[in-house]
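Asks: When you get a sec, could you build the whole thing from the sequences and use the hints?
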Amino acid sequence: MIWEAVKLAVQAIFRNALRSFLTVLGIVIGVSAVIAMVTVGQGSTEQVTADVEKLGTNVLMVMPGQDAMQGGPATTAIQQFNIRDNEALQEQLAIVDISAPLSFSRARAVFGNENRRTDIIGTDNRYFEAARWEVAIGRVFEPSEIQSGKPVCVLGETVRKSLFGYADPVGETIRIKTLSCTVIGLLQSKGASTFGSDQDDFVIMPIKAFQRRIAGNTDVSTLYLSVHEGVSTDRAKEEIERFMREIRHIGANEDDDFTVMDMKQISTMLSGITDILTGLLSAVAAVSLLVGGIGIMNIMLVSVTERTREIGIRLAIGAQARQVLTQFLVEAIVLSLIGGLIGVVLGLVLGFVGAQMLAVPFAPEPGVVLLAFAFSFAVGVIFGYFPARRAANLDPIEALRRE
Amino acid sequence: MAESTGKNALIDLRGISRVYGEGETEVRALDGIDLAIDEGEFVAIMGPSGSGKSTAMNVIGCLDSPTSGTYLFDGVEVANLTRDQRALLRRHYLGFIFQGYNLIARSSALHNVELPLIYKGMPRAERIRAATAALEKVGLAHRDHHDPSELSGGQQQRVAIARALAGNPRVVLADEPTGNLDTTRSIEIMEVLRDLNRNEGLTIVMVTHEDDMAQFADRLVWMVDGRIESDSPTQRAA
Numbered sequence: 001m002i003w004e005a006v007k008l009a010v011q012a013i014f015r016n017a018l019r020s021f022l023t024v025l026g027i028v029i030g031v032s033a034v035i036a037m038v039t040v041g042q043g044s045t046e047q048v049t050a051d052v053e054k055l056g057t058n059v060l061m062v063m064p065g066q067d068a069m070q071g072g073p074a075t076t077a078i079q080q081f082n083i084r085d086n087e088a089l090q091e092q093l094a095i096v097d098i099s100a101p102l103s104f105s106r107a108r109a110v111f112g113n114e115n116r117r118t119d120i121i122g123t124d125n126r127y128f129e130a131a132r133w134e135v136a137i138g139r140v141f142e143p144s145e146i147q148s149g150k151p152v153c154v155l156g157e158t159v160r161k162s163l164f165g166y167a168d169p170v171g172e173t174i175r176i177k178t179l180s181c182t183v184i185g186l187l188q189s190k191g192a193s194t195f196g197s198d199q200d201d202f203v204i205m206p207i208k209a210f211q212r213r214i215a216g217n218t219d220v221s222t223l224y225l226s227v228h229e230g231v232s233t234d235r236a237k238e239e240i241e242r243f244m245r246e247i248r249h250i251g252a253n254e255d256d257d258f259t260v261m262d263m264k265q266i267s268t269m270l271s272g273i274t275d276i277l278t279g280l281l282s283a284v285a286a287v288s289l290l291v292g293g294i295g296i297m298n299i300m301l302v303s304v305t306e307r308t309r310e311i312g313i314r315l316a317i318g319a320q321a322r323q324v325l326t327q328f329l330v331e332a333i334v335l336s337l338i339g340g341l342i343g344v345v346l347g348l349v350l351g352f353v354g355a356q357m358l359a360v361p362f363a364p365e366p367g368v369v370l371l372a373f374a375f376s377f378a379v380g381v382i383f384g385y386f387p388a389r390r391a392a393n394l395d396p397i398e399a400l401r402r403e
Numbered sequence: 001m002a003e004s005t006g007k008n009a010l011i012d013l014r015g016i017s018r019v020y021g022e023g024e025t026e027v028r029a030l031d032g033i034d035l036a037i038d039e040g041e042f043v044a045i046m047g048p049s050g051s052g053k054s055t056a057m058n059v060i061g062c063l064d065s066p067t068s069g070t071y072l073f074d075g076v077e078v079a080n081l082t083r084d085q086r087a088l089l090r091r092h093y094l095g096f097i098f099q100g101y102n103l104i105a106r107s108s109a110l111h112n113v114e115l116p117l118i119y120k121g122m123p124r125a126e127r128i129r130a131a132t133a134a135l136e137k138v139g140l141a142h143r144d145h146h147d148p149s150e151l152s153g154g155q156q157q158r159v160a161i162a163r164a165l166a167g168n169p170r171v172v173l174a175d176e177p178t179g180n181l182d183t184t185r186s187i188e189i190m191e192v193l194r195d196l197n198r199n200e201g202l203t204i205v206m207v208t209h210e211d212d213m214a215q216f217a218d219r220l221v222w223m224v225d226g227r228i229e230s231d232s233p234t235q236r237a238a
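Heads up: the sequence lines are chains U and G, in that order.
Last residue of the first sequence? That's 403 in this note's numbering, and every number before it is there in order.
Last residue of the second sequence? That's 238 in this note's numbering, and every number before it is there in order.
Just so you know, the hints here were simulated from the structure itself, not pulled from any lab data.
Ideal placement from N, C-alpha and C gives every residue a C-beta, glycine not left out.
Some hints could be false.
Output of the computed footprint for chain U on chain G, the stretches with three or more beta carbons under 8 angstroms from beta carbons of chain U [to be verified]:
no., region
1, 75-88
2, 108-119
3, 212-222
Here are some chain G residues the structure puts well away from chain U; computed CB gaps all over 10 angstroms [what the hints assert, rightly or not]:
no., residue
4, E22
5, R28
6, E39
7, N102
8, L151
9, N180
10, I187
11, E188
12, D195
Replies: This is the structure:
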């Protein structure tokens, strides 16, 4: 009987193919929006995770001050790190594999007629290792260059492009503020991060050269750490915090004056943005499903009115109210499931195109696809019930008299 | 056969009234009719319009409930049945033929004939066999895949007869079956009904306003103003 009802429903739906298609458009839009959003959102999350893994899951950063990520104004003067803090971590804390000092500044790099405002980073070779940078052309620093703070620099791909085009920059001299700096190497491009920031936009020089000629102090703004394989992030954070409190002489009752961040925290923060977006668009999709449901109810009421005579015939030859109800309910459900199916296919296509455009992996979620079908089914049941009941309760004599 | 005893009658109406509206606007469509029809009879109901013959058919067909009186179908009081039980009674014991054919549009002749069998829950293969057999009886086996719109009026009415027969009913109720047909087609349809009655003993109750068609029946019930005015054998039967 159900199979017959499904067959009848499909016939009825295709008899008015255009009208049926317009009817299910609301559901199509709702479902495809959800699927596309979740697919792209999932892809972004995977991309962030992959980016973080590229940095290394065992990477942590120590920054002076609290709430470094919030970026609020510091309540007290922040005591910066210095190079000795870095060496202490490197030599005295067993879990630390590499500890690299980092200092930053924004400045203009000039070559000939070209110039670019970029990040100037002072560090040493340990940073290339910890952050997994590969050299494309030239070399990294010599120990003597680090020791003496010689004005040499390694470029990121973006800076190379804007100053040198595609020419080989090695051996050329660029100017940063008052410092003339010889280019010794070019790093392999990492491309844009998931959220569009350019990861190749920097000039790196020995930290001593940076401190002396660019910053004019001996501060180190960040300690970039990589811990040994197999050390859990939690344990690493705990040990680093204890060690830092010790070397910075923080009393038992005092708060930390530094922050230890792991990559998971950074990635959670970034995917949080994706979650908010997904949530908002899901709300829009829910409204669209509701509107789609009302569309289905409307068209089913029209269909019941149009087919009053047919309903009368069915009742006269012995159909029970329940059977007529089933027939129209099944029709509403089939209609909204067709909408759901088109929506899923369209959503996957849009998700695929979106993933390509944002350069994130295409990551369809089977659970969400099933959920979309479940929702379409529910919409069919909820909004099909009222028209179906109206059909079932028709008086056969009245119905047969209708033209 | 004209004077049924009523005791073993298949259809037994006693003091049936059907009143529409109340007070001053009250219309007594049926006003206390007694009518007993035995198995195997071919009864024609005639009368001017508004005489209550269609209402009588609706009551007999369990589509409408009388306001008062008792209606026993094969000894069962129909008034006590629920809406769904009356649907089951129609499904298993009654076949309907209408003036306007009332076939389902854009469904093949075969599918139309199958319809009551689907509600009976008959398996598909058996259903197609029974529906094809019913179409053969009315001489339309070769048109089984045509839509109603591709059939002439006479052919459509034959499909409707086949649909009424398919469920193997005990009574066929025909409400002006020839009302939309020309004389030649009308006679063909009446011959089909007469043969079914004679050869297979099918009980037929027919409403008509054409005397010529009524003559195919054995018994003629004449109604006026909701009452039965006369009930006698037709000339043919007499």
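Asks: Each hint should be assessed against the structure and marked as holding or not.
Replies: Hint check:
1. 75-88: holds (count 4)
2. 108-119: n = 4 at 8 angstroms, threshold three: holds.
3. 212-222: As far as the region 212-222 of chain G goes, the hint is violated, because 0 residues have Cβ atoms under 8 angstroms from chain U.
4. E22: holds (19 angstroms)
5. R28: holds (17 angstroms)
6. E39: The assertion about E39(G) holds, with a minimum of 20 angstroms to chain U.
7. N102: Answer for N102(G): violated, closest chain U Cβ roughly 5 angstroms.
8. L151: holds (16 angstroms)
9. N180: At roughly 14 angstroms from the nearest Cβ of chain U, N180(G) sits farther out than 10 angstroms, so the non-interface label holds.
10. I187: holds (26 angstroms)
11. E188: It holds; E188(G) is separated from chain U by about 23 angstroms at its closest Cβ, greater than 10 angstroms.
12. D195: holds (22 angstroms)
Checked against the numbered hints given earlier, this structure breaks hints 3, 7; the rest are met.
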